[in-house]
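Chains as they are written, first to last, in our numbering: chain Y, 1 to 112; chain W, 1 to 119.
Just to be clear, a hint being listed does not mean it is correct.
[To be verified] Reference listing, derived: stretches of chain W covered by chain Y, where coverage requires no fewer than 3 residues with Cβ under 8 Å from a Cβ of chain Y:
# : segment
1 : 14-23
2 : 59-65
3 : 70-83
[Unchecked claim] Under 10 Å between C-beta atoms, here's a sample of chain W residues computed to sit facing chain Y:
# : residue
4 : F28
5 : F34
6 : F91
Derived from the structure by calculation, the hints contain no laboratory data. Note that the coordinates shown come from a computational prediction; the quantities given were computed from them, not determined experimentally. Where is the CB? At the ideal position from N, CA and C, for every residue including glycine.
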Amino acid sequence: GEDVEQSLFLSVREGDSSVINCTYTDSSSTYLYWYKQEPGAGLQLLTYIFSNMDMKQDQRLTVLLNKKDKHLSLRIADTQTGDSAIYFCASGRYNQGGKLIFGQGTELSVKP
Amino acid sequence: GAVVSQHPSWVICKSGTSVKIECRSLDFQATTMFWYRQFPKQSLMLMATSNEGSKATYEQGVEKDKFLINHASLTLSTLTVTSAHPEDSSFYICSAIGPLAGASTDTQYFGPGTRLTVL
Numbered sequence: 001g002e003d004v005e006q007s008l009f010l011s012v013r014e015g016d017s018s019v020i021n022c023t024y025t026d027s028s029s030t031y032l033y034w035y036k037q038e039p040g041a042g043l044q045l046l047t048y049i050f051s052n053m054d055m056k057q058d059q060r061l062t063v064l065l066n067k068k069d070k071h072l073s074l075r076i077a078d079t080q081t082g083d084s085a086i087y088f089c090a091s092g093r094y095n096q097g098g099k100l101i102f103g104q105g106t107e108l109s110v111k112p
Numbered sequence: 001g002a003v004v005s006q007h008p009s010w011v012i013c014k015s016g017t018s019v020k021i022e023c024r025s026l027d028f029q030a031t032t033m034f035w036y037r038q039f040p041k042q043s044l045m046l047m048a049t050s051n052e053g054s055k056a057t058y059e060q061g062v063e064k065d066k067f068l069i070n071h072a073s074l075t076l077s078t079l080t081v082t083s084a085h086p087e088d089s090s091f092y093i094c095s096a097i098g099p100l101a102g103a104s105t106d107t108q109y110f111g112p113g114t115r116l117t118v119l
């Protein structure tokens, strides 16, 4: 079946930029999402990108999509301790009942 | 907008009892909701798709007689863990399909999760 892969851990210093990477296998993915999960909480939708876009910026967040390589990244500028969380990448197809394929999650640790 | 609530947020029960978890979409209607299970430091495991007015669709390996799902209205789905055992202890998260702002498609909005501990 289709798959989404992420590295498991990332550690950065406060104020640095963080880059979380994700690869996916479904070439028919229409939308790609980034969700954030804080300890003991559900998932919060951070941002998304259409498959026909290369880049999307939303305040401190920049999403880059390389459709040819099926590679997605999330860059967080000026990372703060409050950004420490697990970040999930997910892929979905238009009109597939909303089902998403999730990566394993990347645990971001921000050190002061 | 697009807020999903879950109740209770945590529950402790004795082995052999049943536990009901509610998932509500507060400001939108959701014909489809999903139930996930999450183990510590792991990704989400999709258990079932809950469709309003029809039977839930369970993923392979999930016992439908153990995890009863009812989606009786456009804003409420319930998951009942029947005859719970310690191995059922986990973090259960629901999501509801809602409109994605700025796009012509829907996406999943997640509840805050329910921590179930079975003694």
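Task: Hints violated by the structure (listed by number, smallest first) - done: Numbers 1, 2, 3 and 4, in rising order.
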